[in-house]
Every structure is written in structure tokens, then in C-alpha cells.
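Sequence order for the protein chains is D and C. Per the numbering used here, the very first residue in the first sequence carries number 40; after that it's consecutive. Per the numbering used here, the very first residue in the second sequence carries number 11; after that it's consecutive.
Each hint should be verified, as a subset may be incorrect.
[What the hints assert, rightly or not] Here chain D is said to cover these stretches of chain C; the calculated rule only asks that three of the stretch's residues, wherever they fall, bring their Cβ under 8 Å from a Cβ of chain D:
id	segment
1	49-62
2	66-77
3	97-107
[Stated by the list, open to error] Computed cross-link-like contacts, EDC-like style, restricted to lysine to aspartate or glutamate with a CA-CA straight-line distance of at most 16 Å:
id	chain 1	residue 1	chain 2	residue 2
4	D	K659	D	E528
5	D	K534	D	E662
6	C	K26	C	E131
7	D	K261	D	E220
8	D	K80	C	D138
9	D	K80	C	D134
None of these hints come from the bench; they were simulated from the model. Don't be surprised by glycine CBs; every beta carbon is placed ideally from N, CA and C.
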Amino acid sequence: MSSHKSHDIGAGTAPLIGRSLQRVEDARFVTGTGTFIDDMKVENMVHALVVRSPHAHARIGAIDTTELLAHPGIIDVFTTADIAEYAAEIPLRLAPLVGYERYLQRPFAVDKVLYVGDPVAVIVADSRYIAEDAQDLLMIDYEILPAVTDVHASAKNESILNEKAGTNVAFSYRVSEGDIEAAFAAADYTRKESFYCHRHSGVPLETRGMIASYDATATDHKLKVWGATKVPWFNRRALAKMLRMEEADIRFVETDVGGAFGIRGEFYPEDFLIPFATMRVKRPVKWIEDRREHLMAANHSREMECDLEIALSKDGDFLGLRGVFRADMGAYARTNGGVPPAKAAQFAPGPYRVGAVQMDVAGLMTNKTPIGTYRGPGRYEVNFFRERLLDLAAADLGISPVALRMKNLIPADMMPYTTGKLCPYEEPVQYDQGDYPGTLAKIAEAFDFDRMKAKVEACGQKNGKRQGVGLAVFVESGGAGPSETARIEVTPTGKIEVFTGVTAQGQGHETVLAQICSDGMGGVPFGDISIFHGDTDKLEWGFGTYHGRGVTVGGSAILLTARKLAAQLVAMAARRTNLGIEELELKDGAIRKKGAAPGEPPVMTLEALAASADDPAELKAVEKFAPANRTYTSGAHAAHVEVDVETGKVEVLRYLIVEDVGRCINPALVHGQAIGGAVQGIGATFLDELVYDAEGQLLTGSFADYLMATSNEFPEIEAITLETSLSTLNPLGAKGAGEGGIVGAGGALANAVSHALGPLGVNVTSLPLNPNNVLRMIRQATPRQAAE
Amino acid sequence: MNVSTRHEITLTVNGKTETRTVESRTTAADFLRDDLRLTGTHLGCEHGVCGACTIIVGEASMRSCLMFAVQLDGTTITTVEGLAQNGKMTVLQESFREHHALQCGFCTAGFLTTATAFLKETPDPTADEVREALSGNICRCTGYIPIVEAVLDAARTIKAAKG
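Chain C with its partners taken away, still in its complex shape:
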């Protein structure tokens, strides 16, 4: 298959169905950023280490720099732009603000998507579980401590709201 062979793909992104034609070799990250202009998903290393490009595919967090756009065909994905609903931020997003869990903001999308998927799977995590879950994302500014606190606090808030 030629790298520039084109394929039609259909997927649901942040609740909206999109049909596009992509080259075989276009990465999911480049597709989201360049074709759909969802530039909140960032590229920090393009080799799967830093986690800035993390998106939620189905219910799982995945690195969009290590996926091809064609692999998104038929999937339902959420990017950082799709976390807030009707202009209302999620508990986790609010918690990041309260805990000063971001400085430059470049890694933030990846942490939010990773932690969103994690909290769905592990609604009542320990601090060690949060640290482990986030250990595949690199932040150069905050030292991680406020990010871990923000995730733990969000878990408590979500749990309390559910009663």
C-alpha cells in the first residue's frame, strides 16, 4: 500500500460525526490538528513518550501520535475540546484550575484526557494509583504534585456528587 493512498473514514469526534478522506500515513494527531482543526491535542515528542497527544478512543486513553488516522475509522473519540459540555467545564477541569495543576498548559490536554479515562475506570483511586496512571505523561513545569492533587480532589468531588 502506498503511503499516499487515500481512504475515507467516518468517526464520531466529541459527539459529532465526521467523514473525511485521509492518506494512509497521516497520523491521528495530524488528522485531528490539521484536518479537523482540533488543535488542543498537542505534540510534544511524536514518539509516544510524553503523552501530550493523548485522546480518548471509546473509553481508553491512547496516544494519537502513534496511531494512524485510518485507525480512527468507526470509532468514537473525545479530545480535550470535547470534555466540557455546553460550556460547562468538568469537575476535573475545574480541579486543575483550583490546584494550579498547569503552568504553560502544553501538556494539560494529555493529562486531562488520561485522567478522565482513568477516573472512569478507577473512581476511587489512591494517590499511588493516580501517580502510576499519570506516569506516562510528561510535565516540565508543575512537578506533578498539584496534578495528582487535582485528580484526587476531582475523584472525591465526583464521588460526593453521586452520593
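With the rest of the complex left out, here is chain D:
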């Protein structure tokens, strides 16, 4: 086990960046006094239930609401005809892949339902109990159509999901860099493998939910929505457009959020339906998703196939990489559904110098829950594909897995380095800087990889068990998206209030953003700083938290604002005291003479300064930070496993992550991200899977079927955080730390299990590695090897 204790803020103050302060959030969570969305009650509130399609693909016939409406306690029901006037498509937020926009989802299914869980009606009732009692009284006729449940059936276009589009191929494109034909022609060695990454998702422990209330006579905020997260400003804009309201008439308020992992906080059908419901019934409406709903309604992710082919020289120089991706996109285009396939292709070369790259990417529609992003979208998948193929090549060429990678990693002196334009809607990627070989060297040494590899190989099979080790190396982007804004104010009592557009889903932003603010304002006491986030009323414009931008972009905006306000307060104090600006500084929460002896009384306290203000504008500052480019972390995962060849069960004996995250604001929290991400990724590699049958029925609709890691499965995990390569793209030098723990898990474990079972002829090319699948691989491989 690896220990990483945080500590309380004790004596001594600045700088706070780099210190493992205890989180300010924790006090409310350990005492049960947080406010999650379902903890809120609003006066006169009623409850909504979303009626969902029980069929994967069916034409909607007659809908009869008579019996339902007669049931006591049922207040209202509405269906697609009732929202026709407003039934705009939910817009894409990210990844505008050409053609994908034809499949955008509307709040209710129109004419046809396209997946089990597709919303068809909303029931509003006095209580959720009553709504559930009565929902079977809603009569909907369905004419069942053939379900398309995998990419190969989809590509045949025999059963078409979207007749207007006329094809199930939502998008198809090629990206390339260099002369791929020449690279393969010149290669001494090539190998092609077909990989599959399984469908799974983030599954936050708190399901989605919201409360909406509407008052047409209000002079501000006619519509108020609690429960927003991730990107409240974007979602407010989308809702305003769909309802044809002014943005200023809508207020989104974030509550405490029980995890998101990319899944939660995007604009979903319910984000229109519940505000619409409150406008219809003229009472506040609460909707809380149940777990079964969540598993069929919230974004799925990860499912894709990839045929990947590598070209190497006889010495192991990485000459070329070409791939064909077939991504299962589910039934509709969701706000960010194009990200996983587009990023898988873009990150295909990873941290390596590759002579030429060519990727063909297709998104195929199926009668399953739509795809969106999940922590490390596209990266988890492609790191598995590429790193597995590299291990196969290393074995074929008789080179050690470490040596083959080391030989091809981009050296530090080639930074910044471009991999070219491998994403159709983005500029060419430029890795900012980093010591990729140094990161690999660190993990190889800390894991003692080569010696462990030789050791487990010498060990062979003992008591029906075989051991193996595996590596995966990655680069990971952060600091994405548009600018982020911050406003900082001094209160009348001299305290500091920070307003940010960044949202929080458990990362500890209230703590780390206060650490940044304190340092930016000359050591204002940590306890005097309050962070306000996720309220569209508190900041003119913000954006949100995703893709490693909370600290890198949001934190940078706060640092710049803090510095600006500090300078402003010093100038103000100089005017009040007739001292020179250059004589004064803001230090430890008061205006002091530069070089003042410790203990010397300040020139002015912040409280006195606040009291002296002529204009409130003197006591606040607003600043934006717009990232010029993305930041890139580098890292690696190493796994040591033991496989029981009789049962197919894999035990993880040791797991190590090394990641260079640039500036680390709070090491304990960064460590927590790495370990937590790793267990999510390791669990997903062995357990998590969203399974459909041939009729498109979701077979994993409960936690009894959808399995996740628990406390006694993966106890031996360590993470080493490096701060070797500070980013030069933001004033903090930070690169983002949320995804490195998860992105290498599939690759490292597939390599470790393949290493363990290699002598039996097993080559892992598909996930998950649950006991059934591992056993099947062993059984299918053994006879072939015996025959050889």
C-alpha cells in the first residue's frame, strides 16, 4: 500500500502550492451535511418520472394517457407531441465530426425509439412512488423493428436507424501524416492485430438529477435549475435556445456532485424535459434518476474495434502505424460522443516518434445507449491497442518491451513535438514538453521491470498459476477548451471570496483553488478564502470542468486575478496612506511595509482597507485565462499479475503508475486522482461491462450485473508523481492530473496477462479480462499450441 497523508494547515503560510493541505470540502461530507441534489426540497415541489422505451428499435404507435391521468396523485403527462413546438435537437458541444450531426438526439424519441431507455414521456406526480405505481397505465403501442447491436450489422445498413440519413455510418474519415505506403514498403517487420475494447462507463455513485422551478412573473431568473455540473454555462445557453428564452432569464446552480468522470453534466434529454415540465405544471419539479435508468440512459463509452498494423525496421525503429477504427456510437449523437473515436485515432502514435501514421475512423450507429466521454476518452482504448501491439512486436523481434519503447520515445530535446493533424476538427497536436524516456526509465527502475520479467518467466506455472508483467506508456492531454474567468472580492470583514466558472465533482477544487488564490495574493490565510463555483448568477461567463482544465485553466485564471487584485489593493493602500506603491506589499493577509520585521503591525488590514473603499470596484478584480494550447503529461503503468489457469481469475500482485503532471498544487489530491483513476481503470479492465443481447436489451441494468472494483480486489497500487516538466503554457506550470491513472490500465494489464499466458498461446486482443473471457482464451489457445 502507498500512504499519502494530508495534513491540516498549521503554523507557517505561503507558499501553499505544493502542500498536501486537508480538503475544506471534507468536513461537510464526513458529517453528512453536504447538499447533493436529492437532499434538496423546494416548497410545493412535485416529482417527475421519465418513461423510457422498453424496446431497442420500434416504431411508436398510438399513445393513450387516459387511464394514467385518472390515477390519484398523477398531475401531468407529456409526450413528443406536447413538446413539438420546442423539440429542437440537443447540440454537439465537442467533436464536430462531419455527418455525425445528422443523428442528434431530441428530448423525446420522434416516430421511432432507437434504444432501450429512449425517453418517450414524462409523468409528473405527487411523489416518485405514485409515478412508479401508475406508469404502466400509460399505453404506448410499439411496432418492433430489427435491432442493430454491433458495428458489423450496422455497416450492412439492412436495418436503418435514421431513415432520413439513410445509412448507419455516421461518419467516416481518414487522417494521416507522412508516407504510410513507403513506411510499410521499407519495413523489415510488420504485424497486424484486431482489437476490441468493451462498452463500459463512468458510473458515478450519485445518479443524475435536478430540480427546476419557473416563475413567469419574476424579474430575474424566471427559470431556475439546481443540479447542474460540469459545464453549466454551455448548458444554460443550449437550454435557452431550445426554450427560446433569454440566457439571463435562466439560472443554473451547482450542488454537491457525487462523481462525474465525464459522464455527468452534459446536456441530456432530461435537461430539457424537467425545465419544460416545471413550466407546464407551474410547480417546482424534481427528477432523480434511479440506478437502472442511469445504466441505460447516461452516456456509455469505450466500445470500439481497431485493426492496428505496425511497421518496424529490423532494429526496432518505429516506421509506421496504420489503423482502422470502427466505433459503436449507440443510437444518437450525444454532445461529446465523437470524442472517443476521434481521440483514439489522434493519440494512436502516443509518446513515440513514428515515421508515418494513417488512421481510418468510422462511427457506426447501433440500437444501444448513445456514446459520450468517460475519463480518458479514446486514450484508455488506444493505449490498450498500441501498447499491446508493441509488446507483440517486441516479442517477435526478441527485444525487451522496455528497450523497444525507450528506443522510440520522443526525446526531450525534440520538444515541442508535433504528431501532425490527426483529428479533423483540430489543429495539429503539439506536445508541449516532457522527458518521456525519463518517465519510462523511472518506472522501469521503480518496478525493476526487466528483472521481474525474467523472474516470472523462470518461474513458469506453479500450483496452476502463472505470473506475468506488462507495461503501457502514454501521453495525456489537459488544459483544453476556451478561456476560464475568475472574480475575486474582498468582503467588508477583509475576507476573500473567489468566484470561478470551474465546477467540482469531487476533485477538491474548493481546496486547491484556495491554495492558488492564497499564493497569488501574498499568502492570504487559507481559512479566509471561500471558493464559489458553478452558479451562472455569480459570474458573467465561465465554462466548466473537463479534460484536465479545472486547475490548469480555472486555477490559472484565479492566479492571474489574485495577482491583479493584490496589486490593486497595494495601490489603494498607497493612496490611503500616502506611502509609495513600491514601499508596500500584500503579505500574509494585510498591507505591510516591504521588509517589515516579523510581528511588526501591518500598515493596513484588509478589513480597514475594505472600510476605506469609495467604490466597490476597488475591492474586486476579474481576469480571464485563455490557454494557447493544450498541456501534455507523460506517464506509464506497470502491472504484475498472477493468473489462475483453472478459473481464469487474475490477481494483481503489484501495480505502479508514474506520471509527470507538471506543477502539483496539492500532492495528496494528485495522488488520490492517480490511485482512484487506476482502480477505476483496473476494475474496468476486469469487471465493468455493459452487455446487450441480440434484441438490444441491456442485460446489465443493476449493480448485481454491472460489476465494479470493490475494496478487497486491487489493494496493491502505488503512484509516483513527477514534476519534471512544468508546463510553460500556463502561469502555474500545471498539466492536469485527473486521467493519467486510468489511461494505461487496459494496455498494461492486457500485456501482463498475455505475458503470463503467452506460453499457453494466449494473446489478449479484447477486453474485459473477466474469468469467463480469460478461460475462453486459454481453452481456445491451448489446443492450437499443442498442435504446433
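Guided by the hints, dock chain C onto chain D, whose structure is given.
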């Protein structure tokens, strides 16, 4: 019995006696959250797998989503809100903070109640015993390792304090 038949129940919650009328079908979790407004007890799955709704009934940890409110009649229960006494957090609560054993905080109440009941029964546990005791609670953020450390550390602190 009709699901909406109402029953009067009396129980002791976090040291306070409460008498309420509940429907037969109201779950203990909904009763605590909606009627008593003890919203620290969370619902993550409502089918008894995730453990977020765990409360302490008598001395045993139980899932309030799988119990009916009427089953609480005559019991003495503790929810997460009742762990700290007079504003002073328990050793376990402090240990969760020190070890960064929570991120989003949604599962935390269930882990605290489960571990509180466990430590009473097993004051000197091994790491494996702690992992086993917590294996019925799901956390999606922390990877469990800091939670296990927090429980082990709390056990050591409690033991040392008792001398």
C-alpha cells in the same frame, strides 16, 4: 395489507426519540431522508449493492434501502449525522480527512457507518479484515486504498487512547 396503510413508529435516532406515521411501503432510507430530513444517508443503487445508505441499527450496520421504515419501530439507530458528538468528530471521521479517504463524498456516509460498526466488533483488525468488511460498499473515486488506511489508522489511534 395495503402498501399505503399507515403505521405509527417510535425509534431513537442519533440519541433523539422520534414518533412518526409512515406508509407500509416507505423504505427506511426514504423515511430518514424525507421525513426526518437526515439527508446524509445517500442512495446509490436502491437495491442493496452499493452500501451508500448504510446505517447502524443497534450495533449492526444495515442497508436502509432494503428495510422498511416500519422495521425501525422500537430500534435505536445511528446515521452519519449522529457519529460526531457535540460537534467533535470521531477518530474515524478525522482519519478519513487525514488520509484523503473521500473525494466526491457521496459514498462516505456508508463507509463511515459500516466501519464504525465494524471497529466496535473488531477493534484490532488486519488490513485484510478491513478490506473484507468494506467490500460491500462501492466507492468510484478513491480506489479504496486510502479508506482502508484510514480505518486501520483509526483503529490504532482508538487502541492507543484506551492504553
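Restraint status (C-alpha distance of K26/C to E131/C at most 16 Å): Violated: K26/C and E131/C sit about 24 Å apart, past 16 Å.
Cβ contact check, 8 Å cutoff: the segment 97-107 of chain C against chain D, three residues minimum: holds (count 4)
Holds or violated: K80/D to D134/C, with C-alpha atoms at most 16 Å apart: With Cα atoms ~42 Å apart, K80/D and D134/C exceed 16 Å; violated.
Straight-line alpha-carbon gap K659/D to E528/D, limit 16 Å: Distance ~4 Å between K659/D and E528/D Cα, so the pair holds.
Chain D covers the segment 49-62 of chain C, three or more CB atoms within 8 Å, holds or violated: holds (count 12)
Coverage claim, chain D over the segment 66-77 of chain C, checked by counting residues with Cβ within 8 Å (three needed): violated (count 0)
Agreement of K534/D and E662/D with the hint, judged by alpha carbon distance not exceeding 16 Å: 19 Å, violated
Given pair status - D138/C, K80/D, alpha carbons within 16 Å: Not OK: K80/D and D138/C at ~41 Å, beyond 16 Å, violated.
16 Å limit on alpha-carbon distance, applied to hinted pair K261/D and E220/D: 61 Å, violated
Checked against the numbered hints listed earlier, the structure breaks hints 2, 5, 6, 7, 8, 9; every other hint is satisfied.
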